[in-house]
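Kindly produce the complete structure, drawing on both the sequences and the hints.
So the chains spell out like this:
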Amino acid sequence: MKYLAEFQNPELARGLLDDIRAAVTRPWALMEVCGGQTHTIIRQGIDQLLPDGVELIHGPGCPVCVTPLEVIDKALAIAARPGVIFCSFGDMLRVPGTDRDLFRVRSEGGDVRVVYSPLDALRIATENPDREVVFFGIGFETTAPPNAMAVHQARKRGIRNFSMLVSHVRVPPAIDAVMGSPDCRVQGFLAAGHVCSVMGTSEYPELAARHRVPIVVTGFEPLDILEGIRRVVRQLERGEHTVDNAYPRAVRPEGNPAARAMLADVFEVTDRAWRGIGTIPLSGWRLSPRYREHDAEHRFDVVDIATREPAACRSGEVLQGLLKPNQCEAFGTDCTPRSPLGATMVSSEGACAAYYLYRRLGTPTTPLEASSVV
Amino acid sequence: MCLAVPGRVVEIAERDGARMAVVDFSGVVKDVCLEYLPDLKVGEYAIVHVGFALQRLDEESARKTLALFEELGLLQEEFGDPWEVER
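Protein sequence lines correspond, in order, to chains A and B.
Residue 1349 in the numbering used here sits at position 242 of the first sequence; the count goes up by one each step and never skips.
Residue 319 in the numbering used here sits at position 33 of the second sequence; the count goes up by one each step and never skips.
The hints are simulated quantities; they were obtained by calculation from the structure and are not laboratory data.
Just to be clear, a hint being listed does not mean it is correct.
[Unchecked claim] Covered stretches of chain B (in silico footprint by chain A; criterion: 3 or more residues with CB under 8 Å from a CB of chain A, positions within the stretch not fixed):
(1) 296 to 306
(2) 321 to 328
(3) 337 to 346
(4) 350 to 356
[Stated by the list, open to error] Below are the EDC-like pairs computed for lysine to aspartate or glutamate, each with C-alpha atoms no more than 16 Å apart in a straight line:
(5) B:K327 x B:D310
(6) A:K1263 x A:D1372
(7) B:K327 x B:E345
(8) B:K316 x A:D1227
(9) A:K1431 x A:D1290
(10) A:K1431 x A:D1154
(11) A:K1263 x B:E321
(12) A:K1263 x B:D302
(13) A:K1263 x A:E1400
As the structure is a computational prediction, the values presented were derived from the model and not from experiment.
For each residue, glycine too, the CB sits at the ideal point set by N, CA and C.
Here it is, written out as structure tokens:
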């Protein structure tokens, strides 16, 4: 119970844990889909507070981690071109491509800029009409609507020097793929709360029924996660498999209709390769043909990119919940947040980074180390 | 990047044909697009992700979450400058 004192409301946490403990009669394996939830779990030691037998498996819900190497290499190739201003969220800077990352491109003279919002990239495009401004559009259903709006605005306002390298991914096909794997041990899901804030819950009942797996929409704070676990375990013990919303303060069943309408206008569903996992059918979005003018893949010739994954990196198994980060031989030795082999170590939401930063290495981390991952 | 943070709308204005707001995240102030929550009003709270308000939130939930994020250093992670961090 040593971490319980760090909860915002230890009494509530204790009550939820007591409930979970009272409900459990046999072992259960649950997957938290979202990397943000993984960080809360590891940071607060939630996995170690749970009763024996209740295991949390870390899911593929980190957009930085699952962006395929080929797309990273395309980004690096575009960012290195003269005349290009390459804009990205900060998380992507250190994600290794085949032989370098965006930090390296910048140090070699590339104009790489970190933006907080895709609209910042659009503003940079209006301020630099003689340059090509390219935004790196990655992320799940939470990030896709903002990025869609930037492309929509660019077309509406006639900003021709703005394009987007798009590699968006969708959560429900990933859940389907995890459940379809022959090695799958997952028996219940904590679904990512903010993805559902946008998309609502309508995609989940079919998945829950077909795979006979409970899916509980869960928030990001420690108490949210304990409540999500409590509800999944309760369903499992009763033999139920329904969709339940444990994050109603931020998730309505219909999600955000305006955001969903924009997604449908700007993007179209496509098969997408996930780094370390492989191609998952219909698991991503690309720009629809109407917006081809703003598609960086169309505007820049980046088709013949040679990619090479580091052999020692086992990110793919980590992302599928088949391997815990500290079971990888390179973990903490050849692979650290300062010198990552794979994306799960570099991203602030990656499971390997979470294990490294929050004590699972066996050595205390310093604030400097903790802040070096962006 | 995955993190979505609750913030309070301080000011609303039309800009470049889009409904925009100034939003306060526990002292950090950012421009936020309201196109996906067009009826959000000054004083209300919303979950904001990469500069877009995505879902309305009640004040009490928002304040609790902000306090927790601040305590855990997550606001710095979300809004900090990665070039600065690198040096």
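Item to check | Hints violated by the structure (numbers, ascending) | outcome: The structure conflicts with no hint, since it agrees with every one listed earlier.
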